Amino acid sequence: MSEKILIADLVAEVAELTSVPKNRCDDYVKAFFETIANALSVDGIVKVKGLGTFKLVSVEERKSVNVQTGAEMIIPAHSKVSFVPDKVLKDEINRPYAHLKTYVLNANAPLDPPEADDDEATMDDADVDVAETQSTDTVAEVVAESAESVVEGAEQEVEEAPAPISEQVAEDSKQGETPIVEDDAKEAVTANADVDDKQEQSTTNSNDNSDWFDNWEVEYESTDKAEPAKSTEPSPKPASLSELLAKAEADRNERVEEVKPSATEAVSEPETEDSDEIVIPEDIKTPEQIVAEVMASVKGADFKAEQPVADSVEEVKEVAEEKVEEVVETVTEDVAEKADEVVETPTEPVAETAEQPIVNEQPAATLPTEEKVQHGKVLGIAIIAFLVLLAALIFGLLKVDPDFFKSLKAGSDNLTVVPADTSSLAQELSAYTEETENETDSTAAETDEQPEETIEETVKDQLSKPMPAEAVIDPLWDGEFVAYMKRQNPDVSLEIKGFNKEVAIKPGLFLTMVALDNYGDKSYWIYLYLYNKDRIKNPNNVPIGTKIRVPILDETLVNGTNEKNIEMAKEIRKVFVK
Amino acid sequence: MNTKDLITTIRGQQSLSAEEAEQLFNATVAAVKAQLLKGNIVAVQGFGQLEPKKKNERISVSPTTGERMLVPPKISVSFKPSNVLKDRFS
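Just so you know, the protein sequences line up as chains H and U, in that order.
Residue 192 in this note's numbering sits at position 192 of the first sequence; the count goes up by one each step and never skips.
Residue 83 in this note's numbering sits at position 83 of the second sequence; the count goes up by one each step and never skips.
Keep in mind the hints are simulated off the structure, nothing from the lab.
What you are looking at is a predicted structure, and each value in this text was computed from that prediction instead of being measured.
Watch out, some of these pointers could steer you wrong.
As the list claims (entries may be wrong) - Pairwise CB distance ranges (calculated):
hint	chain 1	residue 1	chain 2	residue 2	range
1	U	Ser62	H	Tyr97	18 to 26 Å
2	H	His99	U	Ile59	15 to 23 Å
3	H	Tyr484	U	Met69	36 to 44 Å
4	H	Ile75	U	Lys38	35 to 43 Å
5	U	Glu67	H	Gly50	34 to 42 Å
6	H	Lys547	U	Arg58	22 to 30 Å
7	U	Glu19	H	Ile75	41 to 49 Å
8	H	Gln68	U	Ser17	54 to 62 Å
9	H	Val88	U	Glu67	25 to 33 Å
10	U	Gln14	H	Thr53	20 to 28 Å
11	H	Gly50	U	Ser17	18 to 26 Å
12	H	Glu3	U	Gly46	16 to 24 Å
13	U	Leu37	H	Val65	35 to 43 Å
14	U	Asn2	H	Ser493	52 to 60 Å
Claimed, not checked - Computed list of lysine-lysine pairs in DSS-like fashion (alpha-carbon distance at most 27 Å, straight line):
hint	chain 1	residue 1	chain 2	residue 2
15	H	Lys80	U	Lys55
16	H	Lys522	U	Lys80
17	H	Lys522	U	Lys54
18	H	Lys55	U	Lys55
19	U	Lys4	H	Lys30
20	H	Lys55	U	Lys53
21	U	Lys38	H	Lys90
22	H	Lys4	U	Lys38
23	H	Lys49	U	Lys74
24	U	Lys54	H	Lys90
25	U	Lys55	H	Lys522
26	U	Lys74	H	Lys570
27	H	Lys506	U	Lys86
28	H	Lys49	H	Lys22
29	H	Lys564	H	Lys574
30	H	Lys47	U	Lys4
31	U	Lys54	H	Lys564
32	U	Lys80	H	Lys30
33	H	Lys47	U	Lys53
34	H	Lys80	H	Lys101
35	H	Lys547	U	Lys74
36	H	Lys49	U	Lys55
37	U	Lys80	H	Lys55
38	H	Lys574	H	Lys537
39	U	Lys55	H	Lys47
40	H	Lys80	U	Lys4
Note that CB positions come from ideal geometry on N, CA and C, so glycine has one too.
Just need the whole structure built from these sequences, with the hints factored in.
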C-alpha cells in the first residue's frame, strides 16, 4: 500500500500490457505527461478519458503574512492545476465504500458520529455500555441458572411428569425477564392454571397418603414456589380460586363449612406470620434466628393445618375439579386487565421473587432434619435469609391482597405437583451445605412418589401445546417488534436458525455494513438493531467495541436483494427508529 | 484538449502508427489506474503525483432545508502538481 510508483514502474507495466519494446514505452509515457503539461499551458484544460480532467484554475491575489518575519506580503494572482478524476475512475477507486449512501440525520441525534477520530470518547461510552449490559445480563443469568437447575433437578429426581411442569415454571420465570411480558402474561398464567389443574388432581393421591406431614410440608413449600411462578401476576388467580371455593362451600354440606373456616384460619395464620416475621427484622438478625423463625412458622402451620386441610380437601376437591376450567378463564381475564401493571414492575423484583421460593424452601426443608446450624453453613444461610427478606419486601410491594393468603388453603391443596422442585432445590443447596444434602434428597424422594402417576398424562397433553408456539419467537427480539410483525406481516417468520457469529463494532464498521456482509443488503441493519436492542442504546451511534449478535434469519424476513424484503425492512426502520 | 487530440499529438511527436498510439495510450491510462486502485501513489517526475486519498465521513448541513446529513467516507484521487509544473503557471 501507498508505494510510490515512478515512471520506470509505469513503463514496465505499459510494456507488459502492450508488448511494445520498453524504450519506446518509456518515450511514450514521458511524452504522454509532457504533452498534457504542454496542452495545459496552451488550452488550460486536458481531458484524459479513463483518468480525469486536468484543468488550470486561476487564483486571485491575496494577502498573507510571512510566518517568520511577520511582514505582510501579497501572493500574486496565479494559476494552479486542479484534477478531477474521471467518473469511471472515481467509481472504481471508491468501490470499498460504494454501498454507503448519504442519509439525513435525526435532529436529536448526538453530534458525534462513530468516527475514527472520536475513538477515545466512544471507547468510554463503550465501557459504560458494557458494564450496564453486564449487570442486566447477570440478573437474567441468575434467573436462567436457577430455572435451569430446577429443570435439571426435576429431570433427575422425577423422570416424567413433574419435569415438564418445572420447565414451564422455568419458562414463566424467564418470560418475566423478557420484554414480551404483556403478550406472554396470558400464556404464562394459563400455564399456571394448567398446573393448578393437575395439582388439584394430584391432591387426591397426596391426601390419601397417611404420611401427610411430609405432604403438607411439601405443599406449603410448593405454594411458596407457585407464587413466584406466577410472578407475572400473583394476585388474581388465587382470588378467583377462593371465590370458586366459596361456591363449593355453598354447594357442599354443612360439615365442609364447619371445617373450612378453621382451615383458612389455620393456614392463613402461619402464612401471614411468616411474611411478617420476615419483613420486620430488616436490621437482620443472625441467620440462625431467622431460620428458626421460619422453621417455627412452618411447624406451627403444620400443626394447625393438620386436620382441617386433610378433611376439607377431600370435600372440596371434587367441586373444584369441575370448575377448574372456569378458573382458567377468569384468570386469563384478570391477567389481561392487570397486564399493564405487571409490565411496569421492574424486572428485578420479578427475578427476585422467582428466586425467593428456592431460597425460602431451603431452610424449611433442611432445618427440621438438622437442628443445629453449623458455622460453615451460616454464611450460605445468611445469604439465603437476606434474599428471603428482599423477596418478602418485594412481595409486599406487589400489593398482594389479603384474599391471597386465605386462598392459600386452596393453593396448598393443589400445589403438590411441584415437589420436583424441592429436589432441585436440595441440589442447589448442596453447594452451601453438603452435609444436609442426603437428608433433603431423601425427603424430596419421598414426596416425589405421589404426584407422579396421576399428573403424567394430563401434563403431557397440556404441555405439548404451548411449547412450539413459544419456541419460534426468540426472546431476544424486541417485544414491540414481535407484536408489530404479528400485526403487519403475520406470514413472516421471525425464526432464528442459528448464529453466524458475534461481530464487534470497530471504527468504520457500522450496523449497515454488518447487515450487508451477512444479509446481502444494508437495509436489513434494522433487524440487527432489534435483535440486539439490549446492547444497542442508540442505533445512530453504536459505541465501538459493542458486540452484535448476527442471527441467521428466515428467508421470509431477509432475502438478499429482494425488493420486497428491503422495502419491509425500511418500513420497519421508519416505525422503530425515529 | 481532449483524448483524441492528445493521442494524435503524441503520435505526431513519436511517429507512431494510429493503432500503436491508441494501444499505448490505453495501456498507459490502464497502468496508472491499476496502480491507483492498488492504493499506490503514481509520481511522475516533472509533472506531479496522483494519489488515492480516503476522505472521512462528515456531517454536512443542507443550506436550503437545514437538514443535517451524514456523508459517508469515500476514496478519491488527488493530484499534486510538481514544482516544475507549478512554476510554469505562476
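Okay, the hints, checked on the actual structure:
no.: 1; hint: Ser62/U with Tyr97/H: 18 to 26 Å; verdict: 21 Å, holds
no.: 2; hint: His99/H with Ile59/U: 15 to 23 Å; verdict: 19 Å, holds
no.: 3; hint: Tyr484/H with Met69/U: 36 to 44 Å; verdict: 28 Å, violated
no.: 4; hint: Ile75/H with Lys38/U: 35 to 43 Å; verdict: 37 Å, holds
no.: 5; hint: Glu67/U with Gly50/H: 34 to 42 Å; verdict: 36 Å, holds
no.: 6; hint: Lys547/H with Arg58/U: 22 to 30 Å; verdict: 27 Å, holds
no.: 7; hint: Glu19/U with Ile75/H: 41 to 49 Å; verdict: 47 Å, holds
no.: 8; hint: Gln68/H with Ser17/U: 54 to 62 Å; verdict: 56 Å, holds
no.: 9; hint: Val88/H with Glu67/U: 25 to 33 Å; verdict: 31 Å, holds
no.: 10; hint: Gln14/U with Thr53/H: 20 to 28 Å; verdict: 24 Å, holds
no.: 11; hint: Gly50/H with Ser17/U: 18 to 26 Å; verdict: 21 Å, holds
no.: 12; hint: Glu3/H with Gly46/U: 16 to 24 Å; verdict: 20 Å, holds
no.: 13; hint: Leu37/U with Val65/H: 35 to 43 Å; verdict: 41 Å, holds
no.: 14; hint: Asn2/U with Ser493/H: 52 to 60 Å; verdict: 57 Å, holds
no.: 15; hint: Lys80/H with Lys55/U; verdict: 22 Å, holds
no.: 16; hint: Lys522/H with Lys80/U; verdict: 35 Å, violated
no.: 17; hint: Lys522/H with Lys54/U; verdict: 21 Å, holds
no.: 18; hint: Lys55/H with Lys55/U; verdict: 22 Å, holds
no.: 19; hint: Lys4/U with Lys30/H; verdict: 18 Å, holds
no.: 20; hint: Lys55/H with Lys53/U; verdict: 19 Å, holds
no.: 21; hint: Lys38/U with Lys90/H; verdict: 13 Å, holds
no.: 22; hint: Lys4/H with Lys38/U; verdict: 11 Å, holds
no.: 23; hint: Lys49/H with Lys74/U; verdict: 22 Å, holds
no.: 24; hint: Lys54/U with Lys90/H; verdict: 12 Å, holds
no.: 25; hint: Lys55/U with Lys522/H; verdict: 21 Å, holds
no.: 26; hint: Lys74/U with Lys570/H; verdict: 24 Å, holds
no.: 27; hint: Lys506/H with Lys86/U; verdict: 41 Å, violated
no.: 28; hint: Lys49/H with Lys22/H; verdict: 24 Å, holds
no.: 29; hint: Lys564/H with Lys574/H; verdict: 15 Å, holds
no.: 30; hint: Lys47/H with Lys4/U; verdict: 9 Å, holds
no.: 31; hint: Lys54/U with Lys564/H; verdict: 34 Å, violated
no.: 32; hint: Lys80/U with Lys30/H; verdict: 18 Å, holds
no.: 33; hint: Lys47/H with Lys53/U; verdict: 21 Å, holds
no.: 34; hint: Lys80/H with Lys101/H; verdict: 32 Å, violated
no.: 35; hint: Lys547/H with Lys74/U; verdict: 25 Å, holds
no.: 36; hint: Lys49/H with Lys55/U; verdict: 24 Å, holds
no.: 37; hint: Lys80/U with Lys55/H; verdict: 12 Å, holds
no.: 38; hint: Lys574/H with Lys537/H; verdict: 17 Å, holds
no.: 39; hint: Lys55/U with Lys47/H; verdict: 24 Å, holds
no.: 40; hint: Lys80/H with Lys4/U; verdict: 24 Å, holds
In terms of the numbered hints stated before, the structure departs from hints 3, 16, 27, 31 and 34, listed from lowest to highest.
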